[in-house]
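Q: Single-letter residue listing:
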Amino acid sequence: MNPVRAERVGLTATEYERVCELLGREPGDVELALFGVMWSEHCSYKSSRPLLRLFPTSGPGVLQGPGENAGIVDIGDGLAVVMKVESHNHPSAVEPYQGAATGSGGIIRDIFTMGARPIAMLDSLRFGDLSDARQRALFRDVVKGIGDYDNCMGIPTVAGEVGFDPSYAGNCLVNAMCVGIIRHEDIKRGTAAGVGNAVMLIGSTTGRDGMGGASFASVDLTAASQERKSAVQVGDPFMEKLLLEACLELFQTDAVVGIQDLGAAGLASASCETAARGGVGIDLDVALVPRREDGMVPAEVMISESQERMLVIVRQGHEDEVRCIFDKWGLNAAVIGHVTGDGMLTVRQEGEVVAQVPAKALAEQAPLRHPQAERPTWQDDIMRLDETELPAGSDWTTVLKDVLRMPAVASKEWVYRQYDSVVRTNTVVGPGSDAAVLRVDGTTRGIALTIDGVGSMSLLDPATGAAMAVAEAARNLVCSGARPLALTDCLNFGNPERPDVFWQFTQAVTGMSDACRVLGIPVISGNVSFYNETGTSAILPTPVVGMVGVLDDPSRACRQGFVTPGDSIVLLGDLTDELGGSVYVCMVAGRTAGHPPVLDLERERLVQSVCLDGISRGIIRSAHDVGEGGLAVTLAESCIAGEIGARVSLPEGLRMDVLLFGEAPSRIVVTTAPDGLNALLEAARNTGIPTMLLGTVGGPGLTLEAGGRTIVQALVADLADAWRGMLPGVMNR
Amino acid sequence: MRVAVAVFPGSNCDVDAYRAMSAVLGQKVDYLWHRETNLSGFDCVILPGGFSYGDYLRPGAIARFSPLMASIVRFAREGGLVIGICNGFQLLTEAGLLPGALLRNRDLMFICDTVCVRVERAGTAFTSRCEAGQVLRLPIAHGDGNYSVDAATLAVMEQKDQILLRYCSADGVVDDKHNPNGSCANIAGIVNERGNVVGMMPHPERAAESLLGGTDGLAILGSLVDYCTQRNHESCAC
Chain A
1 MNPVRAERVG LTATEYERVC ELLGREPGDV ELALFGVMWS EHCSYKSSRP LLRLFPTSGP
61 GVLQGPGENA GIVDIGDGLA VVMKVESHNH PSAVEPYQGA ATGSGGIIRD IFTMGARPIA
121 MLDSLRFGDL SDARQRALFR DVVKGIGDYD NCMGIPTVAG EVGFDPSYAG NCLVNAMCVG
181 IIRHEDIKRG TAAGVGNAVM LIGSTTGRDG MGGASFASVD LTAASQERKS AVQVGDPFME
241 KLLLEACLEL FQTDAVVGIQ DLGAAGLASA SCETAARGGV GIDLDVALVP RREDGMVPAE
301 VMISESQERM LVIVRQGHED EVRCIFDKWG LNAAVIGHVT GDGMLTVRQE GEVVAQVPAK
361 ALAEQAPLRH PQAERPTWQD DIMRLDETEL PAGSDWTTVL KDVLRMPAVA SKEWVYRQYD
421 SVVRTNTVVG PGSDAAVLRV DGTTRGIALT IDGVGSMSLL DPATGAAMAV AEAARNLVCS
481 GARPLALTDC LNFGNPERPD VFWQFTQAVT GMSDACRVLG IPVISGNVSF YNETGTSAIL
541 PTPVVGMVGV LDDPSRACRQ GFVTPGDSIV LLGDLTDELG GSVYVCMVAG RTAGHPPVLD
601 LERERLVQSV CLDGISRGII RSAHDVGEGG LAVTLAESCI AGEIGARVSL PEGLRMDVLL
661 FGEAPSRIVV TTAPDGLNAL LEAARNTGIP TMLLGTVGGP GLTLEAGGRT IVQALVADLA
721 DAWRGMLPGV MNR
Chain B
1 MRVAVAVFPG SNCDVDAYRA MSAVLGQKVD YLWHRETNLS GFDCVILPGG FSYGDYLRPG
61 AIARFSPLMA SIVRFAREGG LVIGICNGFQ LLTEAGLLPG ALLRNRDLMF ICDTVCVRVE
121 RAGTAFTSRC EAGQVLRLPI AHGDGNYSVD AATLAVMEQK DQILLRYCSA DGVVDDKHNP
181 NGSCANIAGI VNERGNVVGM MPHPERAAES LLGGTDGLAI LGSLVDYCTQ RNHESCAC
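Sequence lines, in order, name chains A and B. Quick note: the first sequence uses the numbering used here, first residue 1, plus one each step. Quick note: the second sequence uses the numbering used here, first residue 1, plus one each step.
To be clear, the hints were calculated from the coordinates, so they are not data collected in a lab. A few of these clues could be false.
Said to hold, decoys possible - Have a look at the derived ranges for each label pair, beta carbon to beta carbon:
| # | chain 1 | residue 1 | chain 2 | residue 2 | range |
| --- | --- | --- | --- | --- | --- |
| 1 | A | D129 | B | R2 | 50 to 60 Å |
| 2 | A | R517 | B | D30 | 50 to 60 Å |
| 3 | A | M731 | B | N38 | 47 to 57 Å |
For clarity, every value in this text was computed on a predicted model and none was experimentally measured. Where a beta carbon is used, it is the ideal one built from N, C-alpha and C, also for glycine.
Only chain A is shown next, with the shape it has when bound in the complex (with noise of 0.2 Å):
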């Protein structure tokens, strides 16, 4: 026993003895820190695994589940979406630029590994307060990070969202979500198989960049941290273009067994998962792979991080046509070795055994923690909340004004004009709409993707919150015409080696499990991301959701803009008297408070049928889900997204604050020619929803009225001002 030895690698004392009983004796030091990266909790997910069993991973249209680079789902005419989202959030808050450019090479990697060709980047983004400067450079860099990775890379960043909360000061996020297209037969994996076979490394060289970056994703942020820069990689998207045109040539030849892309971990982790799920052993030397350091001792060439490489498994005698290729794209590819019947990860330096260990017992056996969760004490004090002490008000236009400017509501666009949104020319609806929608070459259909974090709700009620993120994101889809197929999830908590941060990931992934029941959408793909906090202070439990619906036809795709003056206006769904967690309290109470919305899940899965088969049947013209900031940023949205007024009229009764900015779920604005009015609201008659008629869309000016009584009139071009405004007047300056 030595307990000195496991600390240095980031193993407690009862994981070294387990390390030990596995290999039948003390482990030397290239092997122990091949266990210390593979069994950190951010490539082991020794705390999670086990909760993750409850998603509903499967159903007829899955052909990839968790468990590989990325999950595949089916999207007829024998073609497949592959996807996944994956955080970078440690690396972008120490090293923003580079954080963020890498967390998108990353996951682009892991889709083309499977195969596809990358057509779409997401992204999830949380920063703290913008008032401070500090906030505004993260959040300047993070943005430039992605768009400087994803424009070079030539894939269009479609869609994403970002959010704002002192408790992301310290630690933000940065979510990257990376979507394919593959045929069926075209699918890769990455095992291992065939005795005899090539191990070869591709790609860019290796260097000490990214050292232990898996072990640094597992403990909280301190100031010491920010001296750790050699954890964070270096990313060059020119490389990884590179590697990826090479990639998917070299897939058109029979030379590709099996095919992993290093990440975390690097080489370790590619070289001992492929082994495992191929049941056999990898043989390598690391005196064989291409450097551009010297010096390096074999334990860093195994768990450097340097970016846009792969591992491919090649057939025996296929060598020379996969240099022959990396060689017109002017990249290395180097034989480091050859798999092997004995199922060990062999490492050699100049043919001398320097480790060697079952691979299973790296990739598979990490012991499981069972963290303890508990719900914490403060609980019920955050969700209390007394509504009668919050500001009665009576200039309500002014009201929404300011709501439209609050960082969560207001336009993205200084964000989303950084991103080419539009290369490869498929993108039919871009950045800035409830979802982004795509053709899909070789066929006729479209797809229809988003994502969307939940983190204020989450914090209020960690199960509904992250229940929320999976509505709100088929939501999404749904209003563009989408019908919702399969998601991706990500979910940053704190530590959890902290109770109450334990419980609330127990309480989302169970809320998050009962929504894809509900809906029928399962999870194929996913990331958890803990450790996410500085000091005492954990970040909002923030579950994010990406997911993919496909459209019969793209060219019939909804969008949120008001379309015709003339049009009815009606809300899908209920008027309640919820206000908790909503971006109002915070703004008019400076905390998140209050009993978040009660979500009927049933509820929610019939208004969506009623918006789809609405756009399907060619009566609903324009929908728009009711979000962050409520009804009243929703009609705003829509007026100024179609650059048309509405006249709306509300019933009385209601409190003014809760009427226009409570953010229940499950209800979507849509719009109607006045001849298709009787059969929508038949429509929803029959399905049990209920559903109101708001008013008609027309005019110059938003006007909404409550009893008669005019409560709010502005002018679009000034709601879009307010709303356009807030972002590039905070950065700019």
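Guided by the hints, dock chain B onto chain A, whose structure is given.
A: Here is chain B on its own, set in the frame of chain A:
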């Protein structure tokens, strides 16, 4: 009409140009890898957008030394039609086929947007379908689109009618408010003196289908097709 789309390591709008010219306009299009040198039989070469050689050093600074680029310079000197879009425009200035240079955008940020440009000169091989003063809505997506040229050269270019497109408002007013990147004299596109080499920052190939938001790009690309088809027809008639 036969079109070549140049492909350098890091090009990424090659697929966009290919699709617009072949699927939308029905022309015969070939990709040409940067190591190729044979341009015989082509009527027009498109230098596409993207990040050739990762934009290392400067956009286009390395690609200009590729074997293909040497052939394109010869092709242009012999009167062949060359259009450089975005990174292709940057490359044409680096290769000396067009005057000036493209600097970082005025606000130092990458800009992806749809902007209006005014056609300053109609009737060229690239604008035969346009009228002078016509406003086109075209996508832009660049970090280095700030066109810069010395005053003396600009005066000569103006005098020889070499300004093809200028950024403008929706009703055609050319002013600083509608200059997205700080370009000198709102210049969005230029043509060489001989009229056979054009460079522009906006992407006509991304505005070729109504499904994707507009077809104004066909005013440029369709002009090329008309010009070449007519020229080839005339040479056959001889």
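Q: Compare the structure with each hint and give your call.
A: These are the hints, each one checked on the structure:
Between D129 of chain A and R2 of chain B the Cβ separation comes to about 58 Å, which falls inside the hinted range of 50 to 60 Å. At about 52 Å, the beta-carbon gap between R517 of chain A and D30 of chain B stays in the expected band of 50 to 60 Å. In this structure the supplied range 47 to 57 Å holds for M731 of chain A paired with N38 of chain B, their Cβ-Cβ distance being about 49 Å.
The structure shown violates none of the earlier numbered hints.
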